[in-house]
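Asks: Take the given structure of chain A and dock chain B to it, following the hints.
Chains as they are written, first to last, in numbering that gives the first Met the number 0: chain A, 0 to 99; chain B, 0 to 627.
The hints are simulated quantities; they were obtained by calculation from the structure and are not laboratory data.
Nothing here was measured: the structure is a model prediction, and the numbers come from that model.
Over the 12 Å line for every Cβ pair with chain B, so calculated as not near, a few chain A residues:
no., residue
1, W5
2, V12
3, S47
4, L52
5, V61
6, L65
7, V66
8, S87
Derived Cβ-Cβ restraints for the label pairs, each shown as a range:
no., chain 1, residue 1, chain 2, residue 2, range
9, B, D594, A, L65, 40 to 46 Å
10, A, D54, B, N606, 37 to 43 Å
11, B, H159, A, E96, 53 to 59 Å
Examples of chain A residues toward chain B, derived with CB under 10 Å:
no., residue
12, L21
13, R25
14, M30
15, S95
16, L97
Ideal placement from N, C-alpha and C gives every residue a C-beta, glycine not left out.
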Amino acid sequence: MIDPGWYMSLAGVLFIIGALGLLLRRNALVMFMCIELMLNAVNLTLISAGRALNDLNGQVAVFFILVVAAAEVVVGLAIIVSIFRLRSTASVDELSELRG
Amino acid sequence: MIEMVWLAIAVPLAGALFLHLFGRYLKEPLSGVVASLAVGASFFIGLTAAIPFFQDGAPGETILLWEWMPAIGANMEILWDPLAAMMTLIVTGVGALIHVFAIGYMHGDERYHRFFAILNLFIASMLTLVLAGNYAMLFLGWELVGLCSYLLIGFWFNRHSAAAAAKKAFIVNRIGDLGLMVGLMLVFTAFGTLSYAGIFDRADAELTTGLATAIALLFFLGAAGKSAQIPLYVWLPDAMEGPTPVSALIHAATMVTAGVYLIARSAAIYELAPAAQVIVATVGAITALWAATIAIGQRDIKKVLAYSTVSQLGYMILAVGTTAYVAGLFHLMTHAFFKALLFLGAGSVIHAMNDEQDMYKMGGLFKKMKITGVTMGIATIAIAGIPPLGGFWSKDVILAAVFERGGYFSFLWVIGLVTALITGFYMTRQFILVFMGKPRWDEGVEPHESPRVMTVPLITLAVLSTVGGLTNTPIRLSLEHFLESSFETIQQAHPPDETWLLVVIALLSVVAGAVGIGAAWVSYRRPREDWERLESGLQPAWGWWEQAYNVDDFYGAAIVAPGKRVAEVAAFDVDIPIIDGAVNGVGRLVRGVGDWIRPLQTGYVRNYGALLLAGTIAVVVWLTVGGA
Chain A
0 MIDPGWYMSL AGVLFIIGAL GLLLRRNALV MFMCIELMLN AVNLTLISAG RALNDLNGQV
60 AVFFILVVAA AEVVVGLAII VSIFRLRSTA SVDELSELRG
Chain B
0 MIEMVWLAIA VPLAGALFLH LFGRYLKEPL SGVVASLAVG ASFFIGLTAA IPFFQDGAPG
60 ETILLWEWMP AIGANMEILW DPLAAMMTLI VTGVGALIHV FAIGYMHGDE RYHRFFAILN
120 LFIASMLTLV LAGNYAMLFL GWELVGLCSY LLIGFWFNRH SAAAAAKKAF IVNRIGDLGL
180 MVGLMLVFTA FGTLSYAGIF DRADAELTTG LATAIALLFF LGAAGKSAQI PLYVWLPDAM
240 EGPTPVSALI HAATMVTAGV YLIARSAAIY ELAPAAQVIV ATVGAITALW AATIAIGQRD
300 IKKVLAYSTV SQLGYMILAV GTTAYVAGLF HLMTHAFFKA LLFLGAGSVI HAMNDEQDMY
360 KMGGLFKKMK ITGVTMGIAT IAIAGIPPLG GFWSKDVILA AVFERGGYFS FLWVIGLVTA
420 LITGFYMTRQ FILVFMGKPR WDEGVEPHES PRVMTVPLIT LAVLSTVGGL TNTPIRLSLE
480 HFLESSFETI QQAHPPDETW LLVVIALLSV VAGAVGIGAA WVSYRRPRED WERLESGLQP
540 AWGWWEQAYN VDDFYGAAIV APGKRVAEVA AFDVDIPIID GAVNGVGRLV RGVGDWIRPL
600 QTGYVRNYGA LLLAGTIAVV VWLTVGGA
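Chain A on its own, in the form it takes in the complex (with noise of 0.2 Å):
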């Protein structure tokens, strides 16, 4: 059995991507990739603890976060095409609009 601790290594360097995308990239679209990114980092953290522990509340967590993601994918990508249909980008430097 591969030791768990890679499986962490790797869901740790996938998050660490995730969330630099996050925070460099400006097009709403690839910063969405990015958040899915973390997400699913965290459930290989889920998992591979699930496995290593011999516990199944870890895929049952996993569960719940592919569902929640998969509503908020709907929830985000429709604002984003309604975004991009008024605005013809889908920067998110363009949309400070609320700035203090």
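Replies: Quick look at chain B alone, frame taken from chain A:
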């Protein structure tokens, strides 16, 4: 019939309500006719209900209308006794005549129906006051007549002086009302009820002298406000800004006598407070003299009558202070007749002179206005106290009773006698300046006699002024007998029993009045230059009289100005910097904090993301390192 006496209040009230709602749809004289009929009906209701008192000395009756505040003895109940009946008949009788007069006087006014609506409301309020069976209801009427007085003084409110006079009357009366209110609280503490029946029967046994004196003096403060006594009389001369029928009805014949009525009604309390009696009588006597001297120096025809009213009210207060209640009420009645007549006559003159009120611009009007002239002449003689007219009998019985009381009161009698002389002087001066001598009219003034709707009330009042005094002559004390059951438990001051003394006192007061008349006749039946020289020769006294002793200026400097100063300090030094400052300060604080942390909201998603990540990392670090 007595059970129906509440209709006397209800009918004018209904008239007021009707005119208020629908008066604008009535053509001009109609609303006046409706109002007059309402008051006339009220008079006949009162008259019919009073029949038992005329026939025999029937005792008073209390009629419960409905329960209002039974816990404090304040129900809607009418005390129908001879005193209430007498006041009702004066208020509605004189009131009806003045209503009729006003039909002509208010001709052409754009708020004609509104005038009669308020006038009817006043009659209803005044009847509430005099018919009340407890102090709470009396107080209700007391405040309502004050309100009507305010509305009617300020009837021509687009005139600045009228609006100011109305405010002044209201505020000065407020001071008096405070006294009455505190007095009522003391009454309630002492008796646990405000009902007359529960108070007067028990007053003798349960009231200490100190408490009785306190109540009596507080009531007198209220009476001094309403009945225009020193120091609260200043509102009455200004109240002449109202239409003349209002001056006649409210500020001469009825409302201003409410204070006299209050004291007479509370006789059982005053009986226990000899010190208060002395104070009341003294204030009355001094007011009588004080106002009479001011009346000498007035040029405005209505101002003379206003100060004359204050002076005559002083006589009534002197009488009730001396405990000569019937004498005071008798003078109240005759005064209602001749002073209403004088005011209506003055109204007729003002009407004829195109709203001129300066007597120095009148003169020689007798030829043009015979009826007004004759009736005002009768009233002048009546108020001057020449027999056998009304003023003689009533003033004389007051002076005789004051004299008989003796001691300190002899001094007050002298004041009353001097006032009688001055009264003769200023009234004759007024009559000569207005009706006799050469015309001093302004260009374009064409005096004419008033229409019949105005002269008929004048004639009726002239008859009443002439015979009104005969209701209570020493030969036949009808009024005293009539009022007997209202005052049967009260120890009253009476004129001396010896006939010769009575005659001497009467002669003295007649001589005083005649000397006053004669002096005015000699001084003013001369060319204008002569009496103007005389007036300037009397300086500085004349200046004081003309300026009413500058009491208004004194009050302005001593009371109003400090009051304004306090208000200014409260507004500009307390309210704005401290109260408003605190409220605005909270707002400024929130705003400053907002300005300070606002840059956090950049609007860039990645900044929020970075902060979120930093926060997450911080939590993770805390969880691992801090090791919860």
